[in-house]
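Engineer: Spelled out, the chains give:
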Amino acid sequence: MLAFILRRLAQAVVVMLAVGLIAFALFRFVGDPVLFMLGQDATPQDRERVTRLLGLDQPFYVQYASFVERAVQGEFGLSLRQMRPVSALIVERLPATLELSFVAALLALVAGIAMGVYTALRPRARLSQLLLAVSLIGVSLPTFLIGILLILVFSVQLGWLPSFGRGETLAIGWWTTGLLTASGLKALVLPAITLGLFQMTLIQRLTRAEMLEVLRTDYIRFARARGLTDRAVHFRHALKNTLVPVITITGLQLGSIIAFAIITETVFQWPGLGLLFIQAVNFADVPVMAAYLCLAALFFVVINLVVDLLYYAVDPRLRIQPA
Amino acid sequence: MRFLPLLVSLLLGASAQAANLRWAAQNDILTFDPHSQNHATTLTMTMHVYEGLTRYDRNYNVEPALATSWQEISPTHWRFSLRKGVQFHDGSPFTADDVVFSFGRIRQPQGTMQIYVAGVSEVKKIDDYTVDFILAGPHPILLRNIIDFRIMSKVWAEKTRSQNIQDYKAREETYASRNANGTGPYVLKGWEPDKQIVFTVNKNWWGRHDGNVSDFTYTPIKAAATRVAALLSGDVDMVTDLPTQDVERLRRNDKLKVIDGHEVRTIFIGLDQHNDELLFSSVKGRNPFKDVRVRRALNMAVDREAIKRVTMRGLSIPAGLMVAPGVHGHSKELDQPWPYDVRGAKKLLAEAGYPNGFEFTLDCPNNRYVNDEEICQALVGMWARVGLGVKLNAMPFATFIPKILKHDTSAYMLGWGVATFDALYTLQSLVRTQTTGADGSFNCGRVSDPKLDAVIDAIKITTDLKKRDALLREGLVATRDNAYYVPLHHQLRPWAMKKNVSTVHRADDRPEARFTRVD
Numbered sequence: 001m002l003a004f005i006l007r008r009l010a011q012a013v014v015v016m017l018a019v020g021l022i023a024f025a026l027f028r029f030v031g032d033p034v035l036f037m038l039g040q041d042a043t044p045q046d047r048e049r050v051t052r053l054l055g056l057d058q059p060f061y062v063q064y065a066s067f068v069e070r071a072v073q074g075e076f077g078l079s080l081r082q083m084r085p086v087s088a089l090i091v092e093r094l095p096a097t098l099e100l101s102f103v104a105a106l107l108a109l110v111a112g113i114a115m116g117v118y119t120a121l122r123p124r125a126r127l128s129q130l131l132l133a134v135s136l137i138g139v140s141l142p143t144f145l146i147g148i149l150l151i152l153v154f155s156v157q158l159g160w161l162p163s164f165g166r167g168e169t170l171a172i173g174w175w176t177t178g179l180l181t182a183s184g185l186k187a188l189v190l191p192a193i194t195l196g197l198f199q200m201t202l203i204q205r206l207t208r209a210e211m212l213e214v215l216r217t218d219y220i221r222f223a224r225a226r227g228l229t230d231r232a233v234h235f236r237h238a239l240k241n242t243l244v245p246v247i248t249i250t251g252l253q254l255g256s257i258i259a260f261a262i263i264t265e266t267v268f269q270w271p272g273l274g275l276l277f278i279q280a281v282n283f284a285d286v287p288v289m290a291a292y293l294c295l296a297a298l299f300f301v302v303i304n305l306v307v308d309l310l311y312y313a314v315d316p317r318l319r320i321q322p323a
Numbered sequence: 001m002r003f004l005p006l007l008v009s010l011l012l013g014a015s016a017q018a019a020n021l022r023w024a025a026q027n028d029i030l031t032f033d034p035h036s037q038n039h040a041t042t043l044t045m046t047m048h049v050y051e052g053l054t055r056y057d058r059n060y061n062v063e064p065a066l067a068t069s070w071q072e073i074s075p076t077h078w079r080f081s082l083r084k085g086v087q088f089h090d091g092s093p094f095t096a097d098d099v100v101f102s103f104g105r106i107r108q109p110q111g112t113m114q115i116y117v118a119g120v121s122e123v124k125k126i127d128d129y130t131v132d133f134i135l136a137g138p139h140p141i142l143l144r145n146i147i148d149f150r151i152m153s154k155v156w157a158e159k160t161r162s163q164n165i166q167d168y169k170a171r172e173e174t175y176a177s178r179n180a181n182g183t184g185p186y187v188l189k190g191w192e193p194d195k196q197i198v199f200t201v202n203k204n205w206w207g208r209h210d211g212n213v214s215d216f217t218y219t220p221i222k223a224a225a226t227r228v229a230a231l232l233s234g235d236v237d238m239v240t241d242l243p244t245q246d247v248e249r250l251r252r253n254d255k256l257k258v259i260d261g262h263e264v265r266t267i268f269i270g271l272d273q274h275n276d277e278l279l280f281s282s283v284k285g286r287n288p289f290k291d292v293r294v295r296r297a298l299n300m301a302v303d304r305e306a307i308k309r310v311t312m313r314g315l316s317i318p319a320g321l322m323v324a325p326g327v328h329g330h331s332k333e334l335d336q337p338w339p340y341d342v343r344g345a346k347k348l349l350a351e352a353g354y355p356n357g358f359e360f361t362l363d364c365p366n367n368r369y370v371n372d373e374e375i376c377q378a379l380v381g382m383w384a385r386v387g388l389g390v391k392l393n394a395m396p397f398a399t400f401i402p403k404i405l406k407h408d409t410s411a412y413m414l415g416w417g418v419a420t421f422d423a424l425y426t427l428q429s430l431v432r433t434q435t436t437g438a439d440g441s442f443n444c445g446r447v448s449d450p451k452l453d454a455v456i457d458a459i460k461i462t463t464d465l466k467k468r469d470a471l472l473r474e475g476l477v478a479t480r481d482n483a484y485y486v487p488l489h490h491q492l493r494p495w496a497m498k499k500n501v502s503t504v505h506r507a508d509d510r511p512e513a514r515f516t517r518v519d
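Sequence order for the protein chains is Y and U. For what it's worth, my numbering labels the leading residue of the first sequence as 1, then goes sequentially. For what it's worth, my numbering labels the leading residue of the second sequence as 1, then goes sequentially.
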């Protein structure tokens, strides 16, 4: 067991190093941060001096090596755009992104399963048809459009919810939360729906397909023959068995929700990591981009590791190691 | 008697009606340090808290701020009398020591604001309320140039260990990058990056507020559609950085108003006039852009009115000069765009030896100026009508700008704003032959005209205003008539706000709360 975890962790390190290397190889195509830092009034001599000072005149692998060397010591350098330590920026933004992602994932899971079960049990009901049609929209519309549409309806037309931002936040130690204030909760609704909609429709369709599959199996027929109530058959026996793949998919999707919150955060001016990243890209802010990409890789690696460990716990066959 | 203060404050409250302003624009600030980053949004925010010795009035005339008067002892020696009784927000008094300290601080090499004290070699304290500026040479626009040289409290900086501007290599953040202590009309209450910056009025300010804004919040909203939605839904009171396609709709909304004004930024096309053979063109062995007839033909083939009508939806002023209205040196009479004349352009091209035109590549940013890529697309079509096959190469500004600065281009689009409101700024950076410093710093096509260089060098040191104005005129007209550039238009920057908000439109695109009323 321990060997298994260690092996996966070693693989995780390799993945992150590879991500960093590829990122650094690509950074010189993003542009030259020095121009943004110095503005239009700078002289060529100033630009040259700062380029050398920042080590941007070095080949990318040398820059990468010094990045890794510092990263190992927990030091990601200073953001070129904001002149603040990258680690501080990330710690400041992380709560916003994590709260948004978890609420979006939870929403996707709960609503997705409920809708999936309903459409599987009553395939011919009007509501089922409607839900399936809506889910088709959710899958096919791009995220930014959904966000803008929601803002148009719920902020501009109805005036119920704020059009941007995170509302008031409370600080609990270094963590800031919007979950404990009314304005924070209101501000969370639209971005969470926008971010979770795609996953929700995915889960809905997956649950529905799995449920239909399970309902056709013999043990359900036997359960019915035993005279169990519909409720017991559907929820105690059928649903339980559909959930295994659903939970796997949800776990894996969580990583992409966190990593791809970029668009939602930009549309709603949500002060999270995605917004930080997109601004870093516009500015060619290398330290922030590098740290963000490595962090995103870390999320994926950790979530995959957890999912693997869950399998390990659930499926006894995996415990028998091949020689 | 004890009620008197209360009564007075009630009366004052009733007459001045302290109001709250919520304003949104595209970008967040980079730092609150007034000496660190030469970045438009950052300067807009720091100017509410920190003041300079001089400032602009509503019409961009220079007026006294922390200095009450000045006197030219010799062309290289100016004496400033400082305002007495001014306090920083922490209560400490403002004196000559703070000016000397701030001068040393803004010049530190890790900052990017030295330009605002360029030409000043020393600032000397004479007594607590008098300082002398020793200049490297005559400096006709000194008073304009030092407006963004803002004064920080020496005592406070020492107490908070903020004597130095943030260094790229430092591990710790300078206190002054997130906290502020100026003398200005507003006090910084807090900055949460990408969320909001909160200010409250400075009750002890020496100056007079034309508006009634007592508290204001600035929110950066990156997505244009969200920014407009925030105004429509009433979440903010005022929005700048409007997307052009939404301006008409906002004008028609009866709860909102749009105030118009231009920005001192001119959008133009630059041409490689240095290489003997264009890098990206079908013409081999020579450079057609070295021929003034070709450059004139390029100018004449552009239908600037069509760009204004279709691409800019009315939000531009077609340009003939390289500087916008409001910049010293500009005049309506000089700023006549080249007439749109397809036949004339064809004739000129034929005379120059290109009866069938030629091909070249136009480099264009796609995320920097208003509708930049669309304008370039329009140009491709217009130049095609005179036989020029233009290949458009659009890219993000971050990759575009290093490319053109390396002169790795044959034709490019650029916009140029004028921080000093004086045409020298444009002539020196864009037209002067590239040497060191600001001379030709963005002359990416390497225009080089010795006669014009002499004019520009003379403008730098001529302090006689009449002579200087004549030289500015000469420089601008020569640039126009030699068609060294293809000026397209000056950008208009409308601001939208609720009906109950009124403010003064600023050509530097920096709204000021002290000019703003919310009724």
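Calculated directly from the structure, the hints in this document are not laboratory data. Worth double-checking, as some hints may not be accurate.
[As the list claims (entries may be wrong)] Which bits of chain U does chain Y cover? Going by a derived footprint, with three or more residues having C-beta under 8 Å, they are:
id, region
1, 231 to 243
2, 305 to 314
[Stated by the list, open to error] Chain Y residues, not near chain U, derived (Cβ > 10 Å throughout):
id, residue
3, Ala25
4, Val62
5, Ser66
6, Leu89
7, Leu106
8, Arg122
9, Ile137
10, Phe144
11, Leu152
12, Arg166
13, Ala182
14, Gly251
15, Val267
16, Leu275
17, Asn282
18, Phe283
From the three backbone atoms N, C-alpha and C, an ideal C-beta is built for every residue, glycine too.
Engineer: Evaluate each hint against the coordinates.
Structural biologist: A quick look at each hint next to the structure:
Taking a C-beta to C-beta cut-off of 8 Å, the region 231 to 243 of chain U contributes 4 residues in contact with chain Y, enough for the three needed, and the coverage statement holds. For the region 305 to 314 of chain U, the stated coverage by chain Y is violated: 0 residues have a C-beta nearer than 8 Å to a C-beta of that chain, whereas at least 3 were required. No beta-carbon of chain U is positioned within 10 Å of the beta-carbon of alanine 25 (chain Y); the least distance is around 15 Å. Listed as a non-interface residue, valine 62 (chain Y) keeps its Cβ farther than 10 Å from every Cβ of chain U; the least gap is roughly 17 Å.
Taking the minimum C-beta to C-beta distance to chain U, about 12 Å, the non-interface status of serine 66 (chain Y) holds against the 10 Å cut. With a cut of 10 Å on Cβ distances, leucine 89 (chain Y) falls inside the contact zone with chain U, its closest approach being about 8 Å. Look at leucine 106 (chain Y): its CB is around 24 Å from the nearest CB on chain U, clear of 10 Å, so calling it non-interface holds up. The claim that arginine 122 (chain Y) lies off the interface holds: its Cβ sits roughly 37 Å from the closest Cβ of chain U, which is beyond the 10 Å cut-off.
Every beta carbon of chain U lies more than 10 Å from that of isoleucine 137 (chain Y), the smallest distance being close to 19 Å; the non-interface claim holds. Its closest Cβ contact with chain U, about 8 Å, brings phenylalanine 144 (chain Y) to no more than 10 Å, contrary to its assignment away from the interface. Not every C-beta of chain U lies more than 10 Å from that of leucine 152 (chain Y), the closest at about 7 Å, which undercuts listing it as non-interface. Not every Cβ of chain U is farther than 10 Å from the Cβ of arginine 166 (chain Y); the closest lies at roughly 7 Å, contradicting the non-interface assignment.
Non-interface status of alanine 182 (chain Y) relative to chain U is upheld: no Cβ of that chain comes within 10 Å, the nearest being about 15 Å off. Even its closest Cβ contact with chain U, about 29 Å, leaves glycine 251 (chain Y) beyond 10 Å, as expected for a residue assigned away from the interface. The non-interface label for valine 267 (chain Y) is inconsistent with chain U: the shortest C-beta to C-beta separation is roughly 5 Å, within 10 Å. Not every CB of chain U is more than 10 Å from the CB of leucine 275 (chain Y) (nearest about 5 Å), against its label as outside the interface.
Consistency note on asparagine 282 (chain Y): stated as away from chain U, yet its beta-carbon is not over 10 Å from all of that chain's, at 7 Å minimum. In this structure phenylalanine 283 (chain Y) is not separated from chain U by more than 10 Å, as the shortest Cβ-Cβ distance comes to only about 7 Å.
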